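There are 2 protein chains.
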Amino acid sequence: MANDRLRYQMSALPVTIFAHLLVVSIATLVLYWLVKLREGFAFKSTLAIKIFNLHPLLTILGFIIFAGEAIITYKAIPVKRKALKLIHLILHSIALATGILGVYAVFKFHNELSYPHMCTLHSWIGLSTICLFGLQFLLGFVTFLFPGAQPAARAKFAPWHVFFGVVIFFMAIVTAETGLSEKFIFQNLQHGQEALMVNFIGILILLFGIFVGLTSVLSISIK
Amino acid sequence: MANDRLRYQMSALPVTIFAHLLVVSIATLVLYWLVKLREGFAFKSTLAIKIFNLHPLLTILGFIIFAGEAIITYKAIPVKRKALKLIHLILHSIALATGILGVYAVFKFHNELSYPHMCTLHSWIGLSTICLFGLQFLLGFVTFLFPGAQPAARAKFAPWHVFFGVVIFFMAIVTAETGLSEKFIFQNLQHGQEALMVNFIGILILLFGIFVGLTSVLSISIK
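Sequence lines, in order, name chains Y and X.
This note's numbering applies: residue 2 is where the first sequence begins, and numbers increase by one.
This note's numbering applies: residue 2 is where the second sequence begins, and numbers increase by one.
Mixed in with the good hints there might be a few duds.
Identical chains share a label here; the pair holds if one copy fits it or two copies do between them.
[As the list claims (entries may be wrong)] Below, in silico cross-link-like pairs of lysine to aspartate or glutamate (DMTMM-like), each with a Cα-Cα straight-line distance of 25 Å or less: (1) K109 <-> E183; (2) K51 <-> E183; (3) K83 <-> E40.
For the record, the hints were derived by calculation from the structure and aren't laboratory data.
This structure is a prediction, so every number in the text was calculated from the model and none was measured.
Let the hints inform the model, and build the full structure from the sequences given.
In structure tokens form, the structure reads like this:
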């Protein structure tokens, strides 16, 4: 949506800075929540909930944060286009890997306790998000990197790559918010420290989503 | 985000038609869910849950559907700009009224059963959405309708009106998805007809959000 740069008379720089600050806040709160208020995390444990806890850890601190950072890269780092594309690719690769690992963790947890899979809206939207993200990654890779499409085809595909990128990121935010809401009701939280913690994580993730979306319509601040 | 019209080489018309079909599907499923699978709805009843049921009815069939239709108006109806503005205003007025009434219904329900207010992420994001919607409504009204700002100020404000409009609508979608997720866990649904019904309503609302967002970046199909 970079064509809007002519209309939104505002630099993207302060927005990207605020987005980075949100990342630090989200990471801090999620770690405090999982380590101090909950049971911590582990890939193998007799305490199955530790395996579950890897799910919010990897999907929020991994998938959402790295995918968001990958989107704002183009407006945040003063390097050449080729380097930007590489950073965009690396950040998205980390997002995809941690996202898949996060989904694996929750399936493992469900298996260990013989819980049924894929019942909730959270799981439906979440798995759709990961699958669409993988497809978008693949299409972006073959169009813009290797082997790379013809310039005319790239120019035609580029706005759709941006639009679907923002849509898939929006779906990831919805997934996080529904996951946190489920956890809140499931744990019978109401007031108290953990309830506030879960809600504030949700609000910060929502703000992160809005600020990442905003960078996609703002002008490039660094030439 | 209408400036993108030069880049997205696709008419908005089929997208708006699909969005209208989604509206019909969502309305049908929500009514079937609340009337056939749940207790129905009433403003006064000895069965308090009937009052609660007004909440999803008014916020989904009222707020979300009318706000979405108001956004796509500009790409969907072949009438003059002045008439479009009036339709946009009327649809948003209905959205605001039903949204406020929907929030009132859930507060009334909580009061009747002495439940605490504003504990969940759903309630935090939901009330923020209604407040921001009211503010956006007011700013839009005084800038574009009465008394109306100077042309230069309008041109500067217009893209922000569109951006924040889409953001607030995105927040409404997040609110609906978290509300449905809460209800799912709270009712201990897992499989069965109601579980599928709630999840499909959630998926259709998400798709409606994506299609409304898509119309905002596409070209105007009717001159």
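Here is how each hint holds up against the structure:
Within a single copy, K109 and E183 get their C-alpha atoms as close as 19 Å, and across copies as close as 24 Å, so both meet the 25 Å cut-off. Taking the shortest alpha-carbon separations for K51 and E183, both the intra-copy value of 17 Å and the inter-copy value of 23 Å come in at or below 25 Å. In this assembly of identical chains, the alpha carbons of K83 and E40 never lie at most 25 Å apart, being 43 Å within a copy and 59 Å across copies at closest.
Of the numbered hints stated above, the single one contradicted by the structure is hint 3.
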